[in-house]
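Asks: Each chain, written out:
Number of protein chains: 6
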Amino acid sequence: MRIAIINPNTTQSMTATIADAAHRAAATATEIVAVTSSMGPASIEGYYDEALAVPGLLLELTKAEREGADAAIVACFDDTGLDACRALASIPVLGICEAAVSTTSFIARRFTIVTTMERSRLPVADLVHRYGMAARCNVRAADIPVLSLEDPQSNARDRLRNEIDAALREDRAEAIVLGCAGMADLTAALRAEFGVPVVDGVAAAVKQAEALVALGLRTAKRGPYATPVGKPYRGALEIFAPQAILSA
Amino acid sequence: MRIAIINPNTTQSMTATIADAAHRAAATATEIVAVTSSMGPASIEGYYDEALAVPGLLLELTKAEREGADAAIVACFDDTGLDACRALASIPVLGICEAAVSTTSFIARRFTIVTTMERSRLPVADLVHRYGMAARCNVRAADIPVLSLEDPQSNARDRLRNEIDAALREDRAEAIVLGCAGMADLTAALRAEFGVPVVDGVAAAVKQAEALVALGLRTAKRGPYATPVGKPYRGALEIFAPQAILSA
Amino acid sequence: MRIAIINPNTTQSMTATIADAAHRAAATATEIVAVTSSMGPASIEGYYDEALAVPGLLLELTKAEREGADAAIVACFDDTGLDACRALASIPVLGICEAAVSTTSFIARRFTIVTTMERSRLPVADLVHRYGMAARCNVRAADIPVLSLEDPQSNARDRLRNEIDAALREDRAEAIVLGCAGMADLTAALRAEFGVPVVDGVAAAVKQAEALVALGLRTAKRGPYATPVGKPYRGALEIFAPQAILSA
Amino acid sequence: MRIAIINPNTTQSMTATIADAAHRAAATATEIVAVTSSMGPASIEGYYDEALAVPGLLLELTKAEREGADAAIVACFDDTGLDACRALASIPVLGICEAAVSTTSFIARRFTIVTTMERSRLPVADLVHRYGMAARCNVRAADIPVLSLEDPQSNARDRLRNEIDAALREDRAEAIVLGCAGMADLTAALRAEFGVPVVDGVAAAVKQAEALVALGLRTAKRGPYATPVGKPYRGALEIFAPQAILSA
Amino acid sequence: MRIAIINPNTTQSMTATIADAAHRAAATATEIVAVTSSMGPASIEGYYDEALAVPGLLLELTKAEREGADAAIVACFDDTGLDACRALASIPVLGICEAAVSTTSFIARRFTIVTTMERSRLPVADLVHRYGMAARCNVRAADIPVLSLEDPQSNARDRLRNEIDAALREDRAEAIVLGCAGMADLTAALRAEFGVPVVDGVAAAVKQAEALVALGLRTAKRGPYATPVGKPYRGALEIFAPQAILSA
Amino acid sequence: MRIAIINPNTTQSMTATIADAAHRAAATATEIVAVTSSMGPASIEGYYDEALAVPGLLLELTKAEREGADAAIVACFDDTGLDACRALASIPVLGICEAAVSTTSFIARRFTIVTTMERSRLPVADLVHRYGMAARCNVRAADIPVLSLEDPQSNARDRLRNEIDAALREDRAEAIVLGCAGMADLTAALRAEFGVPVVDGVAAAVKQAEALVALGLRTAKRGPYATPVGKPYRGALEIFAPQAILSA
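Protein chains in written order, with the UniProt record's numbering: chain A, 1 to 248; chain B, 1 to 248; chain C, 1 to 248; chain D, 1 to 248; chain E, 1 to 248; chain F, 1 to 248.
Take the hints with a grain of salt, since some may be wrong.
Identical copies look the same in the list; a pair holds intra-copy or inter-copy alike.
List time: in silico SDA-like cross-link candidates among lysine to any residue, alpha-carbon distance up to 20 Å [as the list claims (entries may be wrong)]:
| id | residue 1 | residue 2 |
| --- | --- | --- |
| 1 | Lys-231 | Met-39 |
| 2 | Lys-63 | Ala-236 |
| 3 | Lys-63 | Arg-2 |
| 4 | Lys-231 | Ser-38 |
| 5 | Lys-63 | Gln-243 |
| 6 | Lys-221 | Arg-172 |
| 7 | Lys-221 | Leu-168 |
No wet-lab data here; the hints were simulated from the structure.
Treat the numbers as computed from the prediction; the structure is a model and nothing was measured.
For reference, chain A alone in the conformation it holds in the complex:
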């Protein structure tokens, strides 16, 4: 099967990190196709970047479906544009936050997500609430810019470690979820260092995507994920008119 994993920001180096984690998690028979959005923000830090990342994400999603993907993953921990993706695509689409949270719920009663920027903390907490895990999962921010994770000179990884340590002590977290796609390469090292389960959303989403495809399950189209109604779209976004993008 083929799984498209879409980095909704436009930074290719982050796509490489994501692709590595996805390959490590994928079954032998799974083909991973990792793509970078061609339009929008270089990183997603808060509501504004999130909103502007969606058009590029939707373009990559339809392209991936057209080219034969069996499932798609949105590789940003804010689960950016996930509802719109599910309405547009006929293949199943997964967010890395929802995949990580569900997976962790099977191995721990209380756990903590450690994300990057403080301004992303409440949006991620809103997701956790929506996924029904607010009573079991705290959200912390290490207060680091997303792209600093790639900069060996920054103290980003130390701040991340400090926040994990606080989660274990203060939240009595039994497991840790890494709250940014850009942290995917740190999973093994952090497990070794802290001796608790550490869950990366990219890897979790790959397994959930494989599961949905193997089970023959696709997004239900009876409710809010019904295929968009054809209608005129104006201006620079004309190409997104449902009849246009779906037949492209």
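Please build the complex by placing chains B, C, D, E and F on the supplied structure of chain A, with the hints as guidance.
Replies: Structure of chains B, C, D, E and F alone, referenced to chain A:
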């Protein structure tokens, strides 16, 4: 004071309906500036249209702030893009769903929103939950296309009346909220017909916007509504880079 | 329009503070009539005072409606007797807690109310829960007697400041709500000192009352706010029999 | 031990019904003292009557404590003035709604309260929510005036039976709670007729009061139930000043 | 009346402590029969012990009912096997956690349970949530083995005291619930030491059992507590086949 | 990898149905070992059967782990004994209800579980609540005995179809979850008949087990799933003493 009311779909006739409702609600000293998004869907019917309406909405918002608006209103009942708007703008921004729901909470214990398309029912119910009113407010859909409200040949208004009738009987609703900006012109007639309070979100949002401006209140910038961080934006959305759009 | 603002305690100097705040917030065309309850406690500090403040409040409310008020405000942060007021009056009635909480929800995701006595903290938290904002709004008490706010010799204002400071640091509050009508005169100074939005319920309620009147909205009478049924009332409260008070 | 059971409305015939139910439930060694409020409404039907019943209730409560009661019961299903009672008294005070709901929770997973007037349905549902049983307990109204229960000519008892029948079928209720003190005499007949547990709040409260006294438990005074602070009370309610009423 | 109190662990010395507390709480006319499970764990510390305590508990329960008990109490604070007991027995069955939590809810708005092992903290918190008291009741663990409470050499009682002290300061608890049947003998001393209401679940459950019997209430059999369906049981548990155990 | 799937009832024909579903869902490289409990009820219908199924389940679980299983599945939709299993085993353990609910949450916003006996409806609803999906997932019972699913003469499958039909119409379910392991063979036929996603918990749990093993995740042992403390176990359950069962 000047209040910008932005129709995030690209249908100018709907903007006219909205502008009329806004003028009727506004205080004498309030200047209403009603604008239509120049890019995106002709109507917002579900998650996909909603996501693609946001870029055009954000452009109009920054333009409105630059031209001196003291507050802005997003005139779509899905409160489309509201969080991104609040992060981007320094003036306060209101959604018509949140304004309607808050206003109605002061005059009724249980009330019902009647929206248009079935596919918008759960998204609006999610908003109601987020605004803390899930236990007090049911959401119904009359199952009518948004633009059919403007078509005198359609049976849209009859279906809307039927659904209000069901809300009064089955939900024991004490008041009705009209769940689409395109219904704003029906408020007075429906109040007269059903003899209960009927609340239109456009009018409610105008009063809330006037209130915030009069009270000197602006969006708090300490949390998730912090001004977007400057960074590169690529491709067709390059003009949305925070440093570009904020200094335009 | 005319808005009656009723201080449900019997301390006239507090009514003066409230009236000042109301006048500052009111539109030019709004007439503010501030009245003091003629029977009951000198200040409302906990459930007992609250219950005994209601008869006097109801008397002032009917008097205000009879004298032409278009809306009324209960100027105690416990929203004392609000449900009984809504059942009795045909004009809309607002509480200052509900008005402050709704208004603040439009400009901040997380905020904190700072009230006076520790014994009022849980009652106010119950209100916040009822208004659907428990997940977004913490309640703190500065542990000061209500009337000490009027005493320049007391350290009440310093304790209030300390509690606001704690809310900003520990709750990560994005905005502050002043949890007592007697704090209304401190709003501007506290905004300047802390640099965050500070919301006073008296001012917020004036704007909400203006909004309801302008929108032509009155309390829905189909449910629990139905007009009281006529029946005998005995003893010292005989004058409160619905048929008596409503026709007085 | 001595338990005071206070009818907060002023109708003595209802007190007699309540006293009978209390005597049947009480242990041999328990002395029941049933009293009728001397001021306020003849029946409690909605928020307005409820508020005006509180002063008379508080007078009877202090009198009962002064005369040696070990516990007190507020015999109205709206749990009228319960918080104020707990603050005022040093003996434990119980509401009949809370006692009925707790007791029923030990013998059924889902149950339904059938109350009198439609306007009391939401207030009782608010109590159920506050007592943590909203997910397990529905509230229905038979839509009958409170005092019609005493009128053999009325169809009140038939309407009550119809509503119980609907609860068993539609709510899949496993047990029924009688939602008005005036229904206390119907318990045995309704159990026999419907073959399910039927719980009367008056009887339940007597057993809870006996339990608290036997266990040596009194209202905690560290939080919102702290004894009222001494202060001036003005006008017709002067006698309620805490220092006055507590030393009377 | 006769109340069976079943210690679901197999440690007889703990049954003695429980029996003493039950006798102290019982009315003169109540006969307390305290029994120890004859099979399973010596103490219940976490989910595993809890599950294995149930068969022995069910045996004692049927034996007690057969021998004329009017009600039964499960004397472990995890309310071990309570649902299965209610389905099996026709007499009412009470858990000591639910009894303690309900009783305390009548005398305090916020209270704290102090239990033994950290691994029991979340299971007890789940009970509190199920009983509808999550917003009012925190759960703490003193991190002590259950049987250490019986060992005068251990520091168990000091750790318990420290945790109560923390609950009063940090949780602002107004009352304390002792979260282990083995703490029942400490109630009076802790009340005296801390000056707040201290509630023991064994005593509370005795009073609730007396109440249910006096009120003539038995477990409702229309829903999930319906009597088990007869069917084959295999292997070592053959004797638990419903038709066998119920007719034994 | 090897996945043990344990049927916690003692009916081997049902194990065969479960094993078939598991094999169909498993990856090529996955070895499925399906086992039947050797002690306890022939079917699990309500709380009592559920409790008595746990000892046999725990025996099979330790045996499976000892024989090299990498993960285990409890194949009863009540997620019988899941917490005890997680405490006992070091390999990850999954319930089929939790797996089905999580999987379905990725493809539908609102869905319905159709289970067998009415008496299992509330227990399954409690699981759904615990898994955070109460607002999105209704539970219905077809009111059929578990083993009737295997009897071609019974009308069990027709009743199941009727209930699915009701779920689609009345609940507006977008997808259906089969609420009993014994329904696993019906998945494909029901998908074809109703044209909506139909999810079987056995298949879903196999994929979740494969995912956890592939991701290297095991149950967190810092909290309530800590390995049971060694202690004496008495009587017929002596072999379950943690030190005995873990070293067997």
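Asks: Taking the hints in turn, state whether each one holds.
Replies: Hint check results:
| no. | hint | verdict |
| --- | --- | --- |
| 1 | Lys-231 x Met-39 | between (23 Å within a copy, 13 Å between copies) |
| 2 | Lys-63 x Ala-236 | both (19 Å within a copy, 17 Å between copies) |
| 3 | Lys-63 x Arg-2 | within (13 Å within a copy, 37 Å between copies) |
| 4 | Lys-231 x Ser-38 | between (25 Å within a copy, 15 Å between copies) |
| 5 | Lys-63 x Gln-243 | within (14 Å within a copy, 30 Å between copies) |
| 6 | Lys-221 x Arg-172 | between (40 Å within a copy, 12 Å between copies) |
| 7 | Lys-221 x Leu-168 | between (41 Å within a copy, 13 Å between copies) |
The earlier numbered hints are all upheld by this structure, with none contradicted.
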